[in-house]
Every structure is written in structure tokens, then in C-alpha cells.
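Given the sequences, and given the hints that come with them, work out the whole structure.
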Amino acid sequence: ETGVTQTPRHLVMGMTNKKSLKCEQHLGHNAMYWYKQSAKKPLELMFVYSLEERVENNSVPSRFSPECPNSSHLFLHLHTLQPEDSALYLCASSQSTGLAGPSYEQYFGPGTRLTVT
Amino acid sequence: AQKVTQAQTEISVVEKEDVTLDCVYETRDTTYYLFWYKQPPSGELVFLIRRNSFDEQNEISGRYSWNFQKSTSSFNFTITASQVVDSAVYFCALKTDSWGKLQFGAGTQVVVTP
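In order, the protein sequences belong to chains Y and D.
Be aware that the first sequence starts at 18, since it is given in the working numbering, and climbs by one per residue.
Be aware that the second sequence starts at -5, since it is given in the working numbering, and climbs by one per residue.
Some clues are possibly wrong.
Claimed, not checked - No farther apart than 20 Å at their CA atoms in a straight line, the calculated lysine-lysine pairs in the PhoX-like style are these:
1. Y:Lys58 <-> D:Lys95
2. D:Lys32 <-> Y:Lys58
3. D:Lys32 <-> Y:Lys53
4. Y:Lys58 <-> D:Lys(-3)
The hints are simulated quantities; they were obtained by calculation from the structure and are not laboratory data.
This is the structure:
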């Protein structure tokens, strides 16, 4: 399998549930990202992992908890979500260049469409 | 602060017409990168092009072309002879920091009808 894959593609959960989103990249990259895309809002970066270390947490509520066990896998653990968290959650990966060097493009997965009821 | 503005919310064209998508960016950094992505109805963002701030050469790739003008802080995208498969939301994005944070514009929905 190639590129960036995400599972599940669709998820409906109640506000008291706990679920996890999974992302896997097959591109040999060492940086991974979670984005949230809501209707009528620009894409919002949530978390950045570079070399398995979290380097950015963009003021995301604690009900979203990321995990990056290795450079190929990224999870987003969800608990006690709110209806306004319903959105498309996109995972991306890229080469990480640290503090210097060229900026590589990010490759995105197909997303998980999350509905919180 | 970084900002990307895509003023066109939606553009509708008939197949074979050309369509130009505008992107205006703001940054105080001298080194930065600009990107265009396509998001078809399936949801996946597809990378189209990357341009760094020191390379103002325009680029053509098939029916796609990009016009980068630092003087006006614009990075416009033209689809020539549009096709129905070009129907998608197109995002312009700016990157200035080290850790890959992309600042996306709001996107432009392109609708191509036969």
C-alpha cells in the first residue's frame, strides 16, 4: 500500500464514547500532522510530530490526545467530544527538516469524517 | 503574522474554459514556501506545486500554470481548458516556520460543467 492511509473513513460517536483515529504513512517520512477541517472554516493544524516528538500543539482541547509510536503511525485518541468537534480529520506526512533546510510538501490521507451526536 | 487570502469562494465555468484562482499572502519572513493543493469530493488533499520565495519563475505543468509575483504577494493558479475532473476545492498555503506548519487559505470551489 502506498501514500497515507487513514482509518476509519467514517465515524459516528456519542459524546461519552472513546475512540481512536489511525493514520499510517508508507512514504518513509519522519514528520506527521493532524488537521481539522470544519465546514466553512480553513484547515486548522492540530498537532505536529517530528521524529516521533511532538513539536506543535496548536491550542487543541485535551479531549484530543495524539500518539506517535513510530515515524509511520499516528493516532488521535478522542474522548468526551462535543458536537462542534464534528469535522473531517486529515492526517499528513512529510520529510522533517528541523530548523533549517528546504521545506518539503505534505502528503495527505483521505481523512476521517467524524460525527459527534 | 502569516495570512493567506483566497478571495474567490466559488468559480463556475463551462468545460474548456480557462479558470484562474487568486492567492494573496502576507508574511514578514524573507524565506517562505507557497503551495497549492486540490481537494476533490473524495476529501483527500492532493499536492500540486511548491514554490520557494527565491524562485519567481512561473511554472507550467500540463494544463496547470502558476504565476508567482513577489511584488504583489500573489501566487495565482490557472487551469487551461478546464475539464469536469478539475471540479474540486483548491487551497493555497504558506509555510514560514521550521516545523511544517501550513497556513491555508479558505479555498476556492471550482465547478466545471460539461
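Subject >> Ascending list of hint numbers which this structure does not respect >> reply: none
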